[in-house]
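> We have chain A already, so just place chain B on it with the hints.
The listed protein sequences derive, respectively, from chains A and B. Mapping of the first sequence onto my numbering: residues 1 to 152, in sequence order. Mapping of the second sequence onto my numbering: residues 1001 to 1152, in sequence order.
Because the hints were derived from the structure by calculation, they are not lab data. Heads up, the beta-carbon is just placed ideally off N, CA and C, and yes, glycines get one too. Please note: incorrect hints may appear among the correct ones.
Stated by the list, open to error - One side of the interface only, derived from the structure: several residues of chain A facing chain B at Cβ under 7 angstroms:
(1) Ala31
(2) Leu38
(3) Val45
(4) Tyr56
(5) Ile60
(6) Met74
(7) Gly78
Okay, here's what each chain looks like letter by letter:
Number of protein chains: 2
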Amino acid sequence: MKRIGLFLTLTASLIAGSAFADEAAEGAIKARQAMMQLFAFNLGVLGEMAKTAVPYDAEIASAHAGNLLVLSKMSQNGLWPQGSDIGSYPDSAALPDIWSKYPDVLEKDKVLDAAAEAMNAAAGTDLASLQGAMKAIGGACGDCHKVYRQKK
Amino acid sequence: MKRIGLFLTLTASLIAGSAFADEAAEGAIKARQAMMQLFAFNLGVLGEMAKTAVPYDAEIASAHAGNLLVLSKMSQNGLWPQGSDIGSYPDSAALPDIWSKYPDVLEKDKVLDAAAEAMNAAAGTDLASLQGAMKAIGGACGDCHKVYRQKK
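If we strip away everything but chain A, and leave its shape as in the complex, we get (with noise of 0.2 angstroms):
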């Protein structure tokens, strides 16, 4: 995901006036958990083929290779407001740290767009190459999810 996105919304909501900064978060909130639904949904789909759920098909796999590439470059900009964590906003699973660690939040996100690149040129090869890609995308997903996503 882009860096520039991340760092223009953690400038802007020091600026931001708190009467506007709620509205924003909860708006933010949503647009970040859609985020989030796009890139499970499509990563399910390489998912049921990398498990042979459903049968392999090289363009079905690479549209949604393509999905989670263009999903992890998507600008973030408005999406992090500071104060937009689980402490103020319930219907958020976001940790605190992921402001107040921000810099492994960014170097987590740049596995993330490696391992997008990595399966969006594998998921169109062959079966093999898509489940050779998966534990990557997987991994990236979840080692951040483990320390900055409240677990359920």
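Relative to the frame of chain A, chain B by itself:
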């Protein structure tokens, strides 16, 4: 949005068994609503700039217009299984005409694609260009919602 995605979905849905289809439909509905949420969020930021509720910023405008463009290009494979309309899934606002008037949906989709391209070209230029591109993209959303989405 991508033509082939919708075509594949419809084809696959006619083949898929109904027990599988129900669970798949619920996931598809969530995912397509997530896609719409991201359209709304990104268009919302541009709309705030267009009406000068927030200051024009070429970099931020470009980021959100770029998001709209990739959303419009995203494969929608799997998002619209036959029968996943409001009649069977009250959480969906999708009217059955989406499936019975399918070629018209594609036509409207092409209008959205063109409007997203135009916004992407305009948003980073200046405020007047952004403002000039708003009507077409807002109209493209509305023209499809008016006939294919249940009124609230």
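> It remains to establish, for every hint, whether it holds in the given structure.
Hints versus structure:
{"no.": "1", "hint": "Ala31", "in the structure": "4 angstroms, holds"}
{"no.": "2", "hint": "Leu38", "in the structure": "5 angstroms, holds"}
{"no.": "3", "hint": "Val45", "in the structure": "6 angstroms, holds"}
{"no.": "4", "hint": "Tyr56", "in the structure": "14 angstroms, violated"}
{"no.": "5", "hint": "Ile60", "in the structure": "6 angstroms, holds"}
{"no.": "6", "hint": "Met74", "in the structure": "5 angstroms, holds"}
{"no.": "7", "hint": "Gly78", "in the structure": "6 angstroms, holds"}
Consistency with the previously given hints fails for number 4 only.
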